[in-house]
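Those protein sequence lines, which keep their order, are chains A and B.
Read in my numbering, the first sequence has 368 at position 368, and its numbers run on one by one without any break.
Read in my numbering, the second sequence has 189 at position 189, and its numbers run on one by one without any break.
The hints are simulated quantities; they were obtained by calculation from the structure and are not laboratory data.
Among the hints, a few may not be true.
Copies of the same chain are indistinguishable here, so a pair counts whether it falls within one copy or spans any two.
In silico lysine to any residue, SDA-like type, Cα no more than 25 Å apart, as pairs [to be verified]:
(1) LYS130 with ASP107
(2) LYS38 with GLU69
(3) LYS149 with GLY129
(4) LYS358 with ALA369
(5) LYS399 with PRO204
(6) LYS38 with THR67
Note that the structure is predicted; figures quoted are calculated from it, not measured.
Number of protein chains: 2
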Amino acid sequence: MATTHYETVPEVAGDAVSGSPDIVVMKFGGTSVADTEKITEVARRLVRAQEEGRRVVGVLSAMGDTTDELIRLAHQISPRPHPREYDMLISVGERISNSLCAMAVHDLGHEAISLTGSQAGIVTDTVHGKAKIAEVRATRINDALDAGKIVLVAGFQGVSADSHDVTTLGRGGSNLTAVALAAALGAGACEMYTDVEGVYTADPRLVPHARRLPAVTYEEMLELSASGAKVLQLRSVEFARNHDVRLQVRSTFSDAEGTWIVDEEDPVLEKAIISGVAHTDCEPLYRVRHIDAARLFERLAAANVNVDTILQVSSDEIVFSAPVEDREACEELLGGLDVEWSMRDDLGKVSLVGAGMKSHPGIAAQAFATLGGIGVEPEVISTSPIKIACHVRTEDVPKAVAALHDAFELGAA
Amino acid sequence: MATTHYETVPEVAGDAVSGSPDIVVMKFGGTSVADTEKITEVARRLVRAQEEGRRVVGVLSAMGDTTDELIRLAHQISPRPHPREYDMLISVGERISNSLCAMAVHDLGHEAISLTGSQAGIVTDTVHGKAKIAEVRATRINDALDAGKIVLVAGFQGVSADSHDVTTLGRGGSNLTAVALAAALGAGACEMYTDVEGVYTADPRLVPHARRLPAVTYEEMLELSASGAKVLQLRSVEFARNHDVRLQVRSTFSDAEGTWIVDEEDPVLEKAIISGVAHTDCEPLYRVRHIDAARLFERLAAANVNVDTILQVSSDEIVFSAPVEDREACEELLGGLDVEWSMRDDLGKVSLVGAGMKSHPGIAAQAFATLGGIGVEPEVISTSPIKIACHVRTEDVPKAVAALHDAFELGAA
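Isolated chain A (complex conformation) (with noise of 0.2 Å):
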């Protein structure tokens, strides 16, 4: 048993999502937007992009540290901030810096309109600070998008279907509008601009000549996001998947063409066997005795531990890792527990993901000989049907991920 999981994701129930291609969702992160003159930048690209004919719906983190500072003031007033409030008061940073964005297209000569969630139409649950998204009700968008305008949609919240009241996403939040909205408006694609500018073969940091990824698909983002790949998270990966949204991780910063998320049927794709290697300088393995796995993943669960990597392989021993955040809640739960249990947090983990290993089965027993061949032995090994994972010591990873990106010839030619 080894599996990776994925949180389970809403349905859009949107007006028209018959499909408008030549509609395009920009969505800019924190960094993006850090400063009055970075959202002017935004401003020109969306100026730009409905210059080239396409009708635009931007979506904007919030500025730099304005959500922190928030979340600064709640701890001030109360240890457990109220939920309802909680969302209320944190969703404000979006609403700045999307109506500061639409004044600067209007200085720019072209129309806009910022949205709040609630004005957007995104409809959620009433699970304050991760809500999921119930529904898009895109009227006001499109009829913005019809006199013209640019759209900008404040990321990161909607409005609870029920109470009315202000929601929040939780981490990620505004990439999950983006691809809600590209997906209910039925968009031609759904840009990701960033601080990078793409996915890579594998961590530049590690291996310098590794290589922008022009294309790769949803299920090796997935594999690559769980396993280290920083670009975007797993739940608007799934989103974009589960939808048909095609998404591209673009830099806010060149006008590098980015990397293409796609299905496998997408004829953007270069078919490679290997897309790239991912990695994780520590994540904490646990090794737990006597215990029903069900009990054990329950608890975990209740607790919020994102539980990646699953190994089970005799009755009465589970392994199982998760990310080093989730550590004191993991040892706070096996410690209260009635179970024999040990961690270990000297372990890093490097994963080899690529869609074409499906049929390809040697690739399995190289990855192992090139790791034998630089004396790493794994620890632990898991796999999926794209993924090949190992738990290696922290100190070897650095020259695990450089031995299999040069194995696999996944470097610029």
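Fit chain B to the given chain A structure using the hints.
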């Protein structure tokens, strides 16, 4: 011809104007919510009112300089920020303070809910930046009050009836929100918390033995506000008068009784002949010859100049005064007209205000004799049924205020 101009105020069409005298609307200005400690203090005050058996609606301004900071951002982006987007932007400050206060109330063990202007049903026209309240749809507030919650409403903002856009109400907007809510809810009182303890017989900085007035009439308060008392803006007092809302000006930082602002017939009034002496240190006075009054004041209104006193004593000369903030606009306008004009900026205004003046014809004579007795000669005199206002040299303002205050025995007993 001598008159004081008040802004025309809108009607309130509320859901339930039948009257719930146990409802109190408590409004707190920016200095009262300058930091999270002060917001927690406000929360305690709201809770105390609820514990006394009242149904409590709080209206908080934005914290300290939040709104100024947002305005600064807008002007970094654009020399003339788009009005719709500007309102979207600058209305977030109240959302922050009110949600923080709701968290603090929760931590005190009481239920609270913060509402945006839109959620609170503050429906306005579409004049961004100075919208007028058209209607208050108080269903959601009433439901929350029925559920035992303390309701916090973001002041200064509403939602436009036609376009569902966020609007702001202009200067003093949060006061207006509070009064409009009190009217719509039929509240027993609208308490305005500020950094002074009420309305005084004169500015205590000029007259140390000035006395806090337990109550004044709407008309007196309007004259006092127009004459330089900074406690409340004309607009909210006018609104309160038109909708029979009993106002009380109180200090956020003490439990002092404050000053009631009520109808002439209200039992709380002590029916003094003179209530107080208001003043402004500088109020420029303009003399314009050879112009039609209608034409002049149309042009001044179009330039948003808040003309205070207007006097005409011969067919070819008009005298008027306007606040020092409007001086540039006035000079530009007069310079562009083909007229002979002059301006004096070495004058201030001292005003004696009292509802009892109407039935006491000797007051004016006594006032002029008092000024004459200390060698102060008014440059211009204007009166209303409850006010006598004299423009005097700026350096004479303090002694004129003190002399009138003594002559009419307004000080503490």
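A quick look at each hint next to the structure:
1. LYS130 with ASP107: So LYS130 and ASP107 pass the 25 Å test across copies only (22 Å; inside, 36 Å).
2. LYS38 with GLU69: Answer is both: 20 Å inside a copy and 18 Å across each meet the 25 Å cutoff.
3. LYS149 with GLY129: between (31 Å within a copy, 22 Å between copies)
4. LYS358 with ALA369: Within one copy, since 19 Å is at most 25 Å while 104 Å is not.
5. LYS399 with PRO204: Within one copy only: 13 Å inside a chain, 77 Å across chains, cut-off 25 Å.
6. LYS38 with THR67: Result: close both inside a copy and across copies, 17 Å intra and 21 Å inter.
Checked against the numbered hints above, the structure violates none of them.
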